[in-house]
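Participant: Given these sequences and hints, build the entire structure.
When you line the sequence shown up against UniProt numbering, it's residues 1 to 177, in that order.
Straight line, CA to CA, 27 Å or less: simulated DSSO-like cross-link-like pairs of lysine-lysine:
no.: 1; residue 1: 100; residue 2: 166
no.: 2; residue 1: 58; residue 2: 92
no.: 3; residue 1: 100; residue 2: 162
The hints are simulated quantities; they were obtained by calculation from the structure and are not laboratory data.
All figures in this text were calculated on a predicted structure; none of them were measured in a lab.
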Amino acid sequence: SVQGSFHCRQSSPVTMGHEFVGVVHVVGEEVTQIAVGDNVAVDPNSGCNTCTPCRDGKYHFCSVGGISNTIGMWLDGGWSEFCAVPTDQIFKLPENITLKQAALVEPLSCIAHGWDCILPIPVGSNILILGAGIIGNLWASVLHLQGHRRVIVSEPQEGRRKLLQKLEPKKVMWDTC
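Facilitator: The structure is reproduced here in structure tokens:
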């Protein structure tokens, strides 16, 4: 059987939630780039911006910031009513982007990164997606948009399978494990 764990702070309770957006309620005295009332997206990751991983765009490997300082895993995150976030990890949303739309920014960034890692994928390849959660559904949708039709999604939960069936990939094959 497959067993796993979620790498997060265990020394004391942590409020989870690393994929989140919100409305600014309070700003520090020296903050100028955002204001109370702004809709923002949060990058849960941080880095020193000077080490080799940061310069290579892989600040999740930074020894100063990195995975061990991720908001929502090591620092209190977005599953709370309010959350304190450093200003260099906040991005003001354009007025034409809703909070619901912006909630997909972080999951889509994971897809974009994964896409860069696995290219090229010849159209006609057999593709297996494990799980039809938000990331699996986004993968199925992006692959479909790129012309891939031989996609198998392995998902044991009926509710998740039904959600994916409402999306565009009409020829998704199912494996219920």
